[in-house]
Amino acid sequence: MNAAAPALHVALVGNPNCGKTALFNRLTGGRAKVANYAGVTVERKEGRLLTPAGRSVRVLDLPGAYSLAAASPDEMITRDICAGRHAGEAPPDLIVCVLDATNLRLHLRFVLELKRLGRPMVVALNMMDVAHKRGISIDVDALQAALGLPIVTTVAVKQGGAAALLAQLDAAVVQPPAPGTVDADLHAQVRSLLASAVTMPRATSIVDDGIDAVVLHRVGGLAILAAVMFLIFQAVFSWAAPLQDAVAAGVAACGDWVGGLLTSMPLLQSLVTDGIFAGLGTVLEFLPQILVLFLFILVLEESGYLPRAAFLLDTLMFRVGLTGRAFIPLLSSFACAIPGIMATRSIADPRDRLTTILVAPLMTCSARLPVYTLLIAAFIPRREVLGVFNLQGIVLFTLYFAGIVSALMVAWVIKRLRRDRSEHTLLMELPSYRVPDPRSILLGLWERTLIFLHRVGGILLALTVLLWFLSSFPAPPADATLPPIDYSLAGQIGRWMEPVFAPIGFNWQICIALIPGLAAREVAVSSLATVYALSATSEEAAAAALGTTIAAQWSLATALSLLAWYVFAPQCISTLAVIRRETNSWRNVWIATAYLFALSYLASLLVYQITVALT
Amino acid sequence: MRLSELGKGHGAIVAHVEAAHPDDPVARRLDELGFVAGEPVRVVALGPIGRDPILVQIGFTRFALRRPEAARVVLVEDTPR
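Protein sequence lines, in the order shown, are assigned to chains A and B.
So for the first sequence, our numbering puts the first residue at 93; every next one is plus one.
So for the second sequence, our numbering puts the first residue at 161; every next one is plus one.
For the record, the hints were derived by calculation from the structure and aren't laboratory data.
Possibly wrong hints are sitting among the right ones.
[Stated by the list, open to error] Label pairs and their in silico Cβ distance ranges:
#	chain 1	residue 1	chain 2	residue 2	range
1	A	330	B	237	52 to 62 Å
2	A	595	B	168	47 to 57 Å
3	A	267	B	184	31 to 41 Å
The C-beta atom is built at its ideal place from N, Cα and C for all residues, glycine as well.
With the rest of the complex left out, here is chain B (with noise of 0.2 Å):
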């Protein structure tokens, strides 16, 4: 499963970040920011128009992603919700 796909109040943990391409600037911002294996992450509120932007909770900070950024979280499968 990937972050894109977590619903509105859901929580996870982050498994890593896959690359879109080779060097992708992205995904390597991502991980910067905290979007490494282990990390706790909830979607916290999602955008009126196409529930996109979705806000993710991460650390004690709020991120918004479009969903093809968050399509590069991939998360942990067997995660307790």
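Just chain A, same shape as in the assembly (with noise of 0.2 Å):
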């Protein structure tokens, strides 16, 4: 082949849950342009390969669909490139429809849609080795025959799973099919198809009717579901300490050695250790217990259990103004608020959808736990409960918990206010058990740390150096008598905003924190730590780690009171951005701020108010 030769451009295509992606990954080795397409919030993913015959390939990966009677965004996407209808897409030159040889009668259906099209087209027939496992045999040859159109068998989870199809991406030209009669019965033609080529010797796996039967109970069911919360948040706290330990110890070294370097300029010396470092080992930090979460929405997603989780709790979303369906971005939520709001393109009712983007920054990301984990340590004691829990893991719990019941709370309210009461579907497949591949997981969570590392990278150290320079600047009076941040601008700044925020206990450090706690929460505890560190009138209070400092300059009722804060804190420029963008309305925005923002005060208030008049 030419290698000068155009690239062939192909699109995958198929059902949800057919395996598309990690053929789409198998076939790219898992290297992705991700944008969106023009003008709609639907998830744009391209990839490239180099055939053994070394043609050069774009491969496109289309939203998974149903049917070509669009019912969603993504939906019409989907049907637009495959008809080569899409104004901003060039019709593909082949299409690879991705099945799942364990789903044929539901699959099937699509690829005669498909068909209909008459454009050059190819079936991968995905998922042969469960197919072989569960004892269903397929008569490739004859479905080939019967189908009109060339068919591969694939299984993207192993290496090599796709040498069938790239062997016949070399191969000639494929010819569009005969489209056949417009009105022909799709599910007869589905159903003679079937008898003529598939034998399966029972319609379920014996396996998912086994775990279905304990997973979807009506009781262990739902105790399974609380157990497996409980125990991501034990995990998220327990298993990442060392690992935590270890990157803090990193990046403190690596911070002493640059430092020493530069002892002969000490205004450089301190922006690069009290501001740069500082800031980085704080937020690096915490990746650990990021990757943890991470990890286990990535093993529960691949598994098949998510959708099982939200059957389980449809009912009850349902009644509070949510849908079953939200339960998979408010759980991503957890990590952080950005990938969840952009996980409800998968609902499809718009009504559905805002909602859950409304509620979506309720949910405790991952970038709150910094500004817990610091309070958390310094004030509530590591005492064992009940001999097997640790009190400030049911600190932790009660945190996470007082997110999600507000969020429904909250839902609930939307859903008065809301004049329109037509229906709202669910339509929902719970797809065949499948044990996580541990290639889409070590993908998955590349992908979720550069996210996480590029986001938060460049926010904290544009704004450490900001903060730095707010409080280094201007310098104390030569006969002064107060730490030099008094004199400071951020000193000022925090002063004033100190009446507003004296009620509800914040002190003035607290209130400089929250300014670039706008950016990102995360940055909240380091901007703490930089306050506190350069505002210490000796070494050893410098030295001193932020925890010990703030335990002791604290009182219970503001640590409680911050943390109160935190479970509504509004303050995340990046979340309101993604709001404005998936909703597309600056108005989205503004309600979203102003009732987080009157939650948070009025959450604190109370907090503040009770425990001081307790303790």
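Put the two chains together into one complex, using the hints given.
Right, dumping it as structure tokens:
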């Protein structure tokens, strides 16, 4: 093949849960360019590959669809591109329709619908390994002849599992199929295809039936769900600890080493060690926790458990004005509201989607963990409760729980305020259980780590430097008696804010930390570290850990009030920007900001005043 | 009888899908997912709260439907259970 020939443009299409994304990763090695389709919030994922014969191929991973009669923006994109009618996308040279070999009754109908388009098309019969295990026998030659389309078999989760598809891409150009009669009964055609080429020992998998009987049990299922959630939170707090210590020590050592090189320039040295490395360390320290959380979400997602959880919770969520489908975006929001809000694209009903977006920031995102961890470690004793649980873990669980309960309450209020009472639909497929593929999990973890570092890295560095500047200038007068930061710009801003926040127990140091926390919540901790490191009057105080400092200087009421503030805390500019992008409306951004600010002020006020009255 | 009235573990045959109103997208989607005349269905599980949603096995696939969605699926009356 001539290397200068234009790249072959291939579109991967298929029903949801057909293993299309795994096949995309297998073909492209997971390297993809991710963006949006012009004008809509539908993810566009494209990768490149070279076939064994050296042919260059561009692969477009289209959104999963059940039908070309589109019911959501995702399905409209798939419909338009497959038909070659999309304004911004060239028609694909070849459509690769991916099928789950164990779910042919549903997936073959979509193949027949696509075939009517009369475009060059290949069928990838995926998950052949699972089909073999379940004793399903498929006469590929007979199916190919009956369908009138070339069929290749693939096992996307196995090394070399896409070899047949790659060979097909190298082979001669696929001729478009004859469209056939347009008004033919597709379901009848599928039945006759199945009768002639497929033998199923039984319609369902014995494993699925067994697991579903337990996991979807009306009492046992809910108990398992609660246990899974509790396990996740305990793991985030305890498993990640050794890794966190290692990261913190590593960053501190780097800071000292770099600082040592700069002893001749005290101002620059202060910027590097007190500003950049102090801030970097505080945030990188929380990466292990975020990874543990993402690991659990990815494993649950890959295994097929998440839709089951959505099934169990649907009625509860529906009654408060959400949908079971909101469970997955809301669970992702525990890691970060940004991927969570973006995941609401899977909710077809626009009203359900907007409600989910508005309450997603109430899920305790990992960026709040640094604040929680710092305050819990400083003010809550590490004590065993009932011999198994740790008091600190229980307080953390309570904070998460408070976020969930308030999300349900806010959703209920939105439902009451809304005048539109027409039907909200569910119609959700529960896919077969699968053993999670370690490669996909690692790829997913890697992708999410990059997003987190990318998001945090730049903002954090810029803000740390800005804050260091605000805290260091102007320099204190020669006859100063107070710590230098009292005379700085930051001190002045903090004191100006203090009267507003005094009723909820915030001192001016906290007020300063709230400002950079606007960019990303976790930055509040590094800001506190900067503020306190700089306001220390002696070497010893500067060296003391931030936790020890605030444990000595803050009252319990102030600490609890700040914890309550962060359950609701609206100040995350990235989240507001995503709400703007995903809803295409400034009004929704203002609604979210205003209600979150009001809730956090109210909650902190209650917590502070009650604690002061009791202690 | 309708799919929403079928008990857990019971099977039946689909007669047709009834649109709740003209141009009903839910009815159309049910048809596309395989709820068509002559297709066997079975209720696999019921949600823990108010026996809702209903988990239905159709073909080789499982779908969770809320009661008003399942009520659109009309079943053949004299199905031997």
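Here is how each hint holds up against the structure:
no.: 1; hint: A:330 / B:237: 52 to 62 Å; in the structure: holds, 58 Å
no.: 2; hint: A:595 / B:168: 47 to 57 Å; in the structure: holds, 55 Å
no.: 3; hint: A:267 / B:184: 31 to 41 Å; in the structure: holds, 39 Å
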